[in-house]
Amino acid sequence: MFKNDERYWNIHQLNKWFAISSVLFVAAFVWMFIDDNDDEYKVYQRNFRQLEIQMAEAELAEELEIVKSERIDYEAKVQKAQAHLDAQTSLADSLQNRLIFLKGVFYKDNMNFQGQKSQIDALKYLVERDNTHETDHGKDHSAENRKIYDDANALLHEYKLKKETTETDIADTESLINAINQESKHASDELNKVLRDVLLVENKLAKIDRERMSFMNKMGDLVRDLPILDFMNPYYKVKQYVIRDIKYNVNFTQVPSVDRCTSCHLGMTNPDFIDAEQPYRTHPNLDTYLSPASSHPVEEFGCTGCHAGRDRGTSFVSAVHMPDSEEEKVEWEEKYDWEQMHHWLKPMLPSKYTEASCFKCHQNEAYIKDADQLTLGLSLIEKSGCNGCHLIQRYDSRRKAGPDLAKIAEKLDKGWTIKWIESPRSFRHNTRMPHFFEQDNNSSPEMRKRNETEILTMVDYLFADGKEASTKNDHRFMGDAVNGETLFNAVGCRGCHIVEPNMNNMSDEISIESILKDHGPNLIGLGSKGSAEWIYNWIKNPSEYWSETRMPNLRLSDQEAKDITAYLRSFTNPEFEAISHKNIDEIDRDELENIAFGWLSKMNSEAYAKMQLAKMDHEETMGYVADKSFRYYGCFGCHNIPGYEDAKPIGTELTFEGSKPVDKLDFGYIHDLDHVNYAWFTRKLGNPRIFDHGKESPAEDKLRMPNFNFSPKEVDALVTAILSFNEDEVSETMLADHYIKDALVYEGRKLIKEYNCQGCHIIDDFGGQIVDVIGATEFSPPNLNTQGRKTQPDWLFKFFNDPTTIRPNLQVRMPSFDMEDEEWNSIIRSFQFGDNQLLAYETDHIVAMNAKLKAGKKLASTDFGACNNCHFYGSTFPIQDAQAWAPNLAMAKDRLRADWIVDWLKDPMVIMPGTKMPAPFLPTSDLFEEENANAIYGNALISLDGDSTAMLEGIRDFIWNMKGQKDITSIVKKYFDENGYKFGEEESDDEEDEWGDDDW
Amino acid sequence: MTNEDKKIIPAASVNPEEMDKNGLGRRGFFRWITVGWIAFSAATGGFFTLIIRFLFPNVLFEPPQTFKAGFPNDYASNTVDTRYKKKFNVWMVRDEGSIFALSTVCTHLGCTPNWLGTENKFKCPCHGSGFRMTGINFEGPAPRPLERFKISIATDGKILVDKTKSFKWEKGEWEQSESFLKV
Amino acid sequence: MLQTFKDIIDILSVPTISFTFLTVAFPFIFPPSDWFEKVHRKLGIWRLWTKPGFYGGMIAITGFFVIGYFDPNFHITLTKADNFPIVLMVYSMFITIWWSMYQAYENDARLEKGLKPMEYNDPDDKVLVWPDLVYIEFIALILFMVFLIVWSILVAAPLEEPANPASTPNPSKAPWYFLGLQEMLVYFDPWIAGIVFPMFIIIGMMAIPYMDVNKKGDGYYSFKERRIGMFIFMYGWLVLWLFLIVIGTFFRGPNWNFFGPFEFWDPHKVVPLNNVNLSEYVWVKLLGQGMPANILLRESIGFLALVGYMGFLPILLAKTWLKNYFQEIGPVRYTFLMMFGLSMLALPIKMYMRWLFNLKYIIAIPEWFFNI
Amino acid sequence: MEKNKNKKSFLERMGESQVWKSIIRSGVPRSRRQRMQAVLGSVFLHLHPARLPKHAVKVGYTWCMGGLSFFLFVVLTITGILLMFYYRPTVEYAYTDIIDMAEQVPLGIMRELHRWGAHAMVLTVWLHMLRVFMTGSYKPPREFNWGVGVLLMTLTMFLSFTGYLLPWDQLAIWAITVGTNMARAHPFIGHEGPGASLLAIGDINLVHAGSDVRFALLGGRFVGEASLLRFYVLHCIGVPFIVMILMAVHFWRIRKDGGISGPL
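One line per chain: the protein sequences are A, B, C and D, in this order.
Following the numbering used here, the numbering of the first sequence begins with 4 at its first residue and continues without gaps.
Following the numbering used here, the numbering of the second sequence begins with 630 at its first residue and continues without gaps.
Following the numbering used here, the numbering of the third sequence begins with 26 at its first residue and continues without gaps.
Following the numbering used here, the numbering of the fourth sequence begins with 38 at its first residue and continues without gaps.
What the hints contain is simulated information worked out from the structure, not anything from laboratory work.
Hints are not guaranteed to be accurate.
[As the list claims (entries may be wrong)] Residues on chain A that point at chain D, a partial pick, calculated with CB under 7 Å:
#	residue
1	Met35
2	Arg213
3	Val258
No residue lacks a Cβ here, since even glycine has one placed at the ideal position from N, Cα and C.
One chain only, chain A, in its complex shape:
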């Protein structure tokens, strides 16, 4: 029995506790260890490896099948060679032995040589020192050193000779051995060549397929990925691209993105995985993206630069993938336990918005290639005038989207204007003028009363002096409607306008092509709108009414203008006419005062507001409310309204809207919406007043963005554009501007878009929609392919300013645009840039009076090319009928660039697909062998000896030398005035004309 007063715990119990807790400790540790190592990407990499093996095996089977028969032959050859070799074993062995011996000798010789050489290096230094330093402490060793050095050199030479002899011996022996092995080596080389693809696949398989590995490799493959040991040479590992030029904004600074996407998206750059499941699938369009030869190689652009998302994420959720649709979301939630990681500012863009990222680098371009949705969105922003109210610094409004209202009284009557403001679409079903009224938050009876009053005050302000246009059909300004329709369709109006009264006939797919057609308004209902006089004056000279309009002058004659006016007035809108409205003098005065008081008391005390109101007479109150209404609705964002020239845009700035944190977007009481910015934008654009739902705001504070009735596709495009306005920064060198440094080029392209040149012309393989109306390429405005190379810039400039007839066969006219010199210069520069042709001035092409010219003349003559069949020679009319007429060749010297003519003649179809211009006949030299060749072709042509370029240059020189009247506009006009156009009717019985027609 021992005294136990110094103990409290039962040690056995403590031991037990200790054991239990330690076991728990181990368990926790193991759990932690597993938790630390079960990375999601490893699972994907394992699966991908299986997939690779499967594919490689299939490939192997295929390759084996291909070489199956050949292989046997070559293998037999190898065997035969091997047999020969075996027969010579003894000789080979003896040679081999000799080689080994010689190598030993060489080693010794070489050692001697090297040793001696290093000695000499040291001695050399002594001698060189002696050469420069006179004495060494008074003693002169130079002679002594020199002698040693020379002796050593002699010895070195000896060693060298010996070494070289051995080297020669070795080389001889080696060549003997090679000769013996030659046959066998050659045979196996050949076999390997045949089996090259097979071996490649086999090699690959040997690296990835554990089944095919040697035991040690198998062990190695097993060990390399064991947790803890996996730092040495793991197969499964995080893969990443560090992209220093594309950065993530951490607010204080920008950090390079580190894209780890390829840890799971393993087949991304490999075209073999085009049909594989995600995440292994090949990226679409490898010619443009990812591949080293493309313009966006993955090493430089990474993934998140375009797709956004959490670059460093290594799991599905932590990469912040975002679903494209509700169904996908549900699917992901089941499959990946997906939930949005809210704390990442740049969640991945759902694939339908990916184009938004293009804007980062391509922000200055009018059309962004392969990014149609983004381009459409940006175009819609300009067309709808979004940037009139919302400042977007990188996509500034270039002009007001709506018409100038300064002289509205000349154009419209008050009644129409009142009804139009209230509900534009009841007049024109596809107008871009948005609906401000009768929306979610202002359709209560009180709001209606208020809005009606507001509209009346605004209209009253616009028609300031009380005058208004007469709506009567004034026949002084109206001609023949039938002829008007023909003209309307022929002269080019349809390049920008449609006339489609029935909204059901509208094609519902909106695209960057379709918006070319309705660049201007849909010209319906003009019989119910405004005055004929105005229409007549407007189409005669649009810039007189509105100096900034994009509508060009088509140089219509009085009669033409009258006819078109009559045609346009023939469309009426009786339903719209039937809508009743209050007149301005019937305005609800109480409501007017209410509104005025509301605004006054907003900023001032009520007493002051009352006092102010009392001071105002009715007119002043009208003016006050009109002013407040204009400022509230922001009408001046799209229209020029006198007195509001300097008013500030009223909307939220959208410059960085795509980066705005979601919590800065007011979701109001709408809860059935994902908390992501694009969901909010989509809802807002679909119904701009939605977030007022359930709110009790005073009339002055209600949401006021109008409803543009965007279609879902338009909304998607706009959301893409808005998402593209973000704070992401890329290095200067990534910007497209970095590669095209000429600002004029961008400006020119923008102008081309702004003035809808592509409504009529194909420029950069895009546009020319008017051909659908005209029906045939040859009667449509020309394709402007190679325009930059084709014409002389100064001629083009003159032409723009004063268009002359170039293609006498066209009824459609190149209009006169009222543009500034800088603008024309930009357009010319952008054409030139597209063809890599930036010279404004060039040395004149001098035509040498030689055989080429004569040959050219011959080739152009009626015997051969018969250019005069279609082309004007100065004022000389072509032989063929008017519809085959082609440009005046006398104009070529002023207009075209000499080099281009040769290119053009080589194969016109390449430059202008669909042209009727044939390539000229060029005799080949064998034709000159014929007897009467001299008579047929003439000396000059024969002397060129079938040199096609020389012949084409000859034609060019012939044309270049042509004299005659250059501007044939009046001649052609006179001809048509007398004979009329008959293309429409004649089109069907157009005879087969092999010479065709030229379209330059």
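Using the hints, position chains B, C and D against chain A.
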């Protein structure tokens, strides 16, 4: 150690009365505590192992190991191009029939040799090792030739150098097709 | 049914109600005097410190969190990784306080019977540190490490958006252990709530052994012998610190508005905050005149109130109610005790003045950044 | 000889070996004396007395919270040192380095252990203080050590607070902004504190946003690059250094003040 101490050893640790009562003898005592210590050592040992693993990062943020070195025609024959020396530590060498990428790390002690064009050799400033244009060592203390890196032609026709794979002469790896480009 | 329950909880947890409830109930839970003790016994509150009380408390807390976990709104706050320590705090505080009170009551009973406290051992009856203490310490460390590892595996450490000085999260909160201070900032100027009070808390706590002259209850759990000291400390600790942390964590939402635990954190919720200074009350509302231009004159009422509270009140108390006590501990101790005690008491007083009278500041001199 | 010794267990033999004795100083603690020596002879254990009152080994009395707080301090030091290998306190890398802890760093759970350990330490320190209060253990002669304890608790929270900034996320920067904004209201030395405007010579203001106590704490007018570095240094070196000194005092005074408290 005195005799008295020895006597006390078993006594103080275990109360014999309790030992009888619980049926736990020396063996039982050791069983629990052994489990405890083994488990404890395993877990702490595991932790230390993991901490050592912790020192080896999983990813690197070093400059890329592969780079593009222009087109084969950019190199005149029998020249050493030092353009990529500073950024990627590689000489691009073109001899009679091939182009190869030579490591700029001296095999002696890792200095960077200089290319002496007039003498047609690489000379290491640290200890005087000399290498021929091919990378073969011929003087000084360097034990073996310079290494070459994997070289190939990318799809866009440019030369692609991959520094993750090197070829050593002494292993006969310079014969391998990936170690040079035929021109 | 459950919804009604949640609604009731939401209403009850409004600070005005819950704080009042706690303040009123507190002396009955930790009775500082005989009268409270009587009620404490009579109402059966003492049962809280018995085993059934423990189970009851645990069930109530757990029930609250379980219901909260399944409630869509409370779930969001409850499952925030950084809020887990507060859940842990609630449990550990309840368990430890219950445990110490349980032992204290047992000891009280023993002392009443003239016995020594449970902890008492004969001074010679000591145990060896090796292995008894070392061993249990060791086991405790291992178990705690297990707990920490499991916690770390199950709950990922939070990481929000990159720091952005231009965008304040709503609500933006201090680390949880400072939420009491942040809550005080609602009622006091920063220099009081952020500087003076924390200083007072630290210095006041350090001064406890010097102010508490009660020799009893040293080294064992007890309540009755040191009930006043305990009551004051527990009120400060539980109500003015921990409770404010719970409020700050779970009940403060966007715009630092109050939200019941089961309420949706709607950022649009608007709560009227029309606060009036004492000087405005007196000069404008009471005397119906404008504010004096002289700052000191304007705020003289506030200064008077302050001097009255911190200066005269202690003297008055020393002469009357606390006469014996004052004599017992002497003027220096008394002064410090009053300074710290009254400062502590100032917090609930100010809270009530805010709630009842919308009182903003007692002394408001924004010109000098001097607001109390 | 060998055979005779066979009866001894492995442990016993190990305990008698020269190596063991040289390190542990006492043999395998079997005897009472060896046990006391084991405690007294170890630099780690000699914080404890060799013997102590019975109630002090009851978990019900001490709750083990002081010991756990110290243990957590050690755990946090170790995990903290390891984290420093992968964390760079710059505005550029701080945030992304933390992301990488979760995404690719081996044993990235270190961050969780560190963060949750820090929260747990605040709790254990509080509970320790509560226990000391509940048992009245601050009473003489332990007044001073209670004061040291209060300081240690404050520093524990400050340690946690300084670490809060390091992930450089919204949670961090705003918690620190809110926290340090109080400093600007410090009387006299905070630029928005009472009396600050009095510290001026003529029209020259001495205490302003660029010279007050908050400025000193943040190394700038706002929470920025300098603050991150300052908090990093405070968190990793400054505060732990003070804490370690105070802990030494705290432990020393426990022994000197008569060991663990208990009824007399």
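Hint by hint, here is what the structure shows:
no., hint, result
1, Met35, "holds (6 Å)"
2, Arg213, "violated (24 Å)"
3, Val258, "holds (6 Å)"
Comparing the model with each earlier hint shows a violation of hint 2 alone; every other hint is respected.
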